[in-house]
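In order, the protein sequences belong to chains A and B.
Residue numbering for the first sequence follows this note's numbering, starting at 1 and increasing by one per position.
Residue numbering for the second sequence follows this note's numbering, starting at 1 and increasing by one per position.
Treat the hints as calculated values from the structure; they're not laboratory data.
The beta carbon of each residue, even a glycine, is placed where N, CA and C say it ideally should be.
Fair warning: there could be bad hints in the mix.
As the list claims (entries may be wrong) - Among chain B residues calculated to face chain A with C-beta under 10 angstroms, some are: (1) P83; (2) P84; (3) L85; (4) R100; (5) A126; (6) L133; (7) L163.
Next come the chains, spelled out residue by residue.
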Amino acid sequence: MRNALTIAWRDLRSTFVSPIGYVVLTGFLLLAGWFFFNLLAQFNRIVALYSGMQGTDTTWMNLNDAVITPLLSNLSVVLVILVPMITMRSFAEERSQGTYELLFTSPLKVHEIVLGKYLAGCAVVTLMIALTLVYPAILMIYGNPEIGLMTAGFLGLYFMALGFVAVGNFCSALTSNQIVAAISALVILLLLFVVSWPAENAGEPMKTILLYVSVTEHFRNMARGVIDTTDLVYFGSAIGAFLFLTHRAVESARWKA
Amino acid sequence: MIEVCDLSKSYGSVAAVDGISFSVESGKALGFLGPNGAGKTTTMRIITGFMPASSGTVTVDGFDVFDDSFEVRRRIGYLPEHPPLYLEMAVRSYLVHVARLKGIRGAAARDAADSVIVDCSLAKVADRLCGHLSKGYRQRVGLAQALIHKPEVLVLDEPTVGLDPAQIIEIRQLIRRLAAERTVILSTHILPEVAQICEKVVIINEGRVALEADLSDLPAGRSLEEEYMRHVGGEAHGTAPAPRPAATDENTILEDKGDKPGA
Numbered sequence: 001m002r003n004a005l006t007i008a009w010r011d012l013r014s015t016f017v018s019p020i021g022y023v024v025l026t027g028f029l030l031l032a033g034w035f036f037f038n039l040l041a042q043f044n045r046i047v048a049l050y051s052g053m054q055g056t057d058t059t060w061m062n063l064n065d066a067v068i069t070p071l072l073s074n075l076s077v078v079l080v081i082l083v084p085m086i087t088m089r090s091f092a093e094e095r096s097q098g099t100y101e102l103l104f105t106s107p108l109k110v111h112e113i114v115l116g117k118y119l120a121g122c123a124v125v126t127l128m129i130a131l132t133l134v135y136p137a138i139l140m141i142y143g144n145p146e147i148g149l150m151t152a153g154f155l156g157l158y159f160m161a162l163g164f165v166a167v168g169n170f171c172s173a174l175t176s177n178q179i180v181a182a183i184s185a186l187v188i189l190l191l192l193f194v195v196s197w198p199a200e201n202a203g204e205p206m207k208t209i210l211l212y213v214s215v216t217e218h219f220r221n222m223a224r225g226v227i228d229t230t231d232l233v234y235f236g237s238a239i240g241a242f243l244f245l246t247h248r249a250v251e252s253a254r255w256k257a
Numbered sequence: 001m002i003e004v005c006d007l008s009k010s011y012g013s014v015a016a017v018d019g020i021s022f023s024v025e026s027g028k029a030l031g032f033l034g035p036n037g038a039g040k041t042t043t044m045r046i047i048t049g050f051m052p053a054s055s056g057t058v059t060v061d062g063f064d065v066f067d068d069s070f071e072v073r074r075r076i077g078y079l080p081e082h083p084p085l086y087l088e089m090a091v092r093s094y095l096v097h098v099a100r101l102k103g104i105r106g107a108a109a110r111d112a113a114d115s116v117i118v119d120c121s122l123a124k125v126a127d128r129l130c131g132h133l134s135k136g137y138r139q140r141v142g143l144a145q146a147l148i149h150k151p152e153v154l155v156l157d158e159p160t161v162g163l164d165p166a167q168i169i170e171i172r173q174l175i176r177r178l179a180a181e182r183t184v185i186l187s188t189h190i191l192p193e194v195a196q197i198c199e200k201v202v203i204i205n206e207g208r209v210a211l212e213a214d215l216s217d218l219p220a221g222r223s224l225e226e227e228y229m230r231h232v233g234g235e236a237h238g239t240a241p242a243p244r245p246a247a248t249d250e251n252t253i254l255e256d257k258g259d260k261p262g263a
């Protein structure tokens with residue numbers, strides 16, 4: 001574990017020594033702020049409009065449904081694009097820069113290397129999502145949202161991001177080219193997003209399978225504020241599966257190296 | 001100390017190393033020669049545990065590189081052909097990081113880094129980024145990372161390639177100093193380097209051992225160059241494999257000789 005932390009710490013430092021960490025964080029927060037501002041402005045406009053009309057029931061309008069849920073689903077799309085940029089370096093850069101030889105001639109186990117790389121990516125997305133918590137905080141100061149529902153929603157976004165890091169690291173382990181790593185991760189993540197599109201017209205058992213594999217289906221539940229063990233198991237097993245695949249990819253690259 | 005026994009490695013259907021055997025006694029320095037593509041780097045990568053062999057065994061200090069990989073890795077310092085530097089790290093923090101990877105913990109990692117900084121004369125650049133160093137300094141940092149866990153064995157893959165004459169002399173002096181108390185495998189194209197540093201020479205060609213001999217046992221009156229050409233270059237004698245079609249390897253040797261200052 002200590003070896004994994006050594007590797008994670010170096011990777012994390014290198015993310016923030018290079019501009020990439022700051023560019024990704026700034027871009028993410030800029031977009032998140034823009035989404036939040038517009039969703040809130042729209043909510044205010046509708047509330048003002050309805051409350052001007054007499055006898056209209058406005059109790060169905062709430063911050064959770066009108067601001068937090070759409071904010072989370074917008075952020076999930078941004079993560080699909082940005083997480084591959086964070087993870088593309090993890091293995092690909094070590095390979096192209098020759099430091100792979102240092103890692104694999106040091107007394108380290110492959111799973112320690114894989115875990116270290118994963119933890120470094122997790123630390124970056126943790127920071128990203130932690131910084132967006134400023135928006136629910138603003139809502140809590142000036143409004144009256146449901147805390148439980150928001151917590152579930154942000155946890156959903158967080159678990160999804162952790163899953164994305166596992167996918168991104170796996171793609172990086174397959175190649176020495178960072179661009180290839182980023183694009184293949186982006187494609188896999190987008191596929192996981194849209195894989196359920198044909199589900200409505202598909203027969204059983206295809207329909208169930210497509211719906212289960214889709215990230216969107218599981219994330220949607222959590223973004224609405226529902227914590228279901230099925231969704232937690234989904235994200236947990238996706239992370240486990242991709243870490244395992246990464247381990248295999250790294251190991252097999254050594255045999256072929 | 002190091003026993004290589006019937007080692008083979010194939011990439012797909014291509015055999016990079018084809019049944020080579022040799023040994024290095026403890027405290028001796030072995031010059032590892034051969035044309036480009038002869039399988040030197042592959043052999044070194046197998047000895048250091050970077051990749052597994054297709055067949056055959058390597059033992060270091062009695063430990064098998066495959067079965068007791070960690071025991072072997074703790075005993076070997078390896079400088080690959082391209083020094084494995086993280087370009088965005090400062091020299092000192094890079095060396096501390098490597099020390100931790102090698103299993104040195106806490107304050108001892110800092111001490112280890114400080115001690116190799118002195119050994120490899122890196123004090124002047126200790127706080128500069130690896131990416132900003134000249135090739136000669138990068139090579140020294142590469143040597144420093146190979147030494148940091150005080151290994152008994154040093155494996156150096158073409159440590160002087162691409163350096164200017166002054167840098168070559170410095171690195172060579174450093175290696176000679178290090179070789180005095182360690183077992184060394186040194187791969188190079190510069191034949192006089194072997195004569196200066198090593199006690200024993202192994203020449204491989206096309207994945208096979210063409211010559212394994214102590215330098216003192218070479219036939220009197222015949223230089224290492226002649227011996228090398230006999231086994232690798234022009235005329236094929238005795239057990240030596242067929243001559244290689246391309247003349248590039250010979251050119252490399254001649255150029256390197258030209259680079260080499262006042263030997």
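Hint check, failures only
5, 6 and 7
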